[in-house]
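Based on the sequences and whatever the hints tell you, model everything.
Each chain is listed here by its residues.
Number of protein chains: 2
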Amino acid sequence: MVRNHFPYGRLVFFATGNLHKFNEARRVLAEFNIATAMIKIKISEIQDDDIENVANVSATESARRSHLPVIVEDAGLFIEVLNGFPGPYSKYVHHTIGMEGILTLLKNRQNRKACFKSAVAFNDAERAAKCFVGVVEGKITEEIRGTGSFGFDPIFEPKEKPGKTFGEMTVEEKNSISHRFRALRDFAEWYKKTYV
Amino acid sequence: MVRNHFPYGRLVFFATGNLHKFNEARRVLAEFNIATAMIKIKISEIQDDDIENVANVSATESARRSHLPVIVEDAGLFIEVLNGFPGPYSKYVHHTIGMEGILTLLKNRQNRKACFKSAVAFNDAERAAKCFVGVVEGKITEEIRGTGSFGFDPIFEPKEKPGKTFGEMTVEEKNSISHRFRALRDFAEWYKKTYV
Chain V
1 MVRNHFPYGR
11 LVFFATGNLH
21 KFNEARRVLA
31 EFNIATAMIK
41 IKISEIQDDD
51 IENVANVSAT
61 ESARRSHLPV
71 IVEDAGLFIE
81 VLNGFPGPYS
91 KYVHHTIGME
101 GILTLLKNRQ
111 NRKACFKSAV
121 AFNDAERAAK
131 CFVGVVEGKI
141 TEEIRGTGSF
151 GFDPIFEPKE
161 KPGKTFGEMT
171 VEEKNSISHR
181 FRALRDFAEW
191 YKKTYV
Chain B
1 MVRNHFPYGR
11 LVFFATGNLH
21 KFNEARRVLA
31 EFNIATAMIK
41 IKISEIQDDD
51 IENVANVSAT
61 ESARRSHLPV
71 IVEDAGLFIE
81 VLNGFPGPYS
91 KYVHHTIGME
101 GILTLLKNRQ
111 NRKACFKSAV
121 AFNDAERAAK
131 CFVGVVEGKI
141 TEEIRGTGSF
151 GFDPIFEPKE
161 KPGKTFGEMT
171 VEEKNSISHR
181 FRALRDFAEW
191 YKKTYV
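Sequence lines, in order, name chains V and B.
Mapped onto this note's numbering, the consecutive letters of the first sequence carry residue numbers 1 to 196.
Mapped onto this note's numbering, the consecutive letters of the second sequence carry residue numbers 1 to 196.
Just so you know, these hints were derived from the structure itself, not from any lab.
Glycine included, C-beta positions come from ideal geometry on N, C-alpha and C.
Each statement offered as a hint is correct.
With beta-carbon atoms standing in for the labels, derived distance ranges:
hint : chain 1 : residue 1 : chain 2 : residue 2 : range
1    : B       : E143      : V       : T147      : 34 to 40 Å
2    : V       : T104      : B       : R26       : 36 to 42 Å
3    : V       : N108      : B       : E80       : 24 to 30 Å
Result set (DSS-like, lysine-lysine): computed pairs, CA atoms no more than 27 Å apart in a straight line:
hint : chain 1 : residue 1 : chain 2 : residue 2
4    : V       : K139      : V       : K159
5    : B       : K91       : V       : K139
6    : B       : K91       : B       : K113
7    : V       : K91       : B       : K42
8    : V       : K91       : B       : K91
9    : B       : K130      : V       : K42
10   : B       : K113      : V       : K107
11   : V       : K130      : B       : K42
12   : V       : K91       : B       : K139
In structure tokens form, the structure reads like this:
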């Protein structure tokens, strides 16, 4: 315990406008006895091919503006044969060409390897940001399957649970292997050692 | 002339890492007797669906850091049937899925309407940024044509000169109608009235 005067103890603030994302994170962190509150701060994400940089800059700015210990998560779907597309711009790509667009781009392609990456950046408003990255490997399916979760989940089948897309899983199932879970778990273990 | 103490007169600094872009701009501004120097400043562009915001924030930050009168240009290709994709992320999309990716997404599509937009933001390191937007309407071709220019130029055919893509034109031809030309011309006219 490096800073026993730290006022928030087991409470961290998750800066996001995405309720699905917040709910996934809240459940994961609850397993580590860390309470999570959602805050909305209007900040501009930077354009960077590296989601770690995006999350770090956002966390620093969110903490500076809110004076709170903040985590920011940035995630992306990286498709091997498309040189990492849609990567850090997954949200924009989802809103414009959608899952159908991705399936069109991969039509008749043998290599369907992809991974989801999540970067969880923490900033306590006093010290530099610390960042944790989680990855889950898998492949892009031939069609949309499942309505659960959000984003590109219904076209992503993780290697560890073949036959089911993230969109066909319950939140608990997805949380047991997801990129976001892995990054948050690493964050939680570090946080408890450092602050609680 | 609002500020006759302004030390740079007819010289503005174009902040970019893209030599093609700089050369297009230099030629346009030379017609208005404005000299342009290229400077490279490592700044982070923000993620924003509106290229005006991207250019404004970059110009403000570039001027703040360089203490020079700076213009920053941000441009994008907006395809109607793809909800504006690739828009502000055109450079990233060009580097990942490329022109072939765009053609794949538009295969068998009747509506091939698209426009290029350019936002030229100026900041003199003392006052707020001023921004000028230029647009050129056209359509996405069925195949890649021409090797001139850069980015998505070889798949874009402007309405005003049908039958030829931007990639099949000389710099002069493209500069006579391009989105970048229009934004720069409006900037130049304003700049001369205001500073020179």
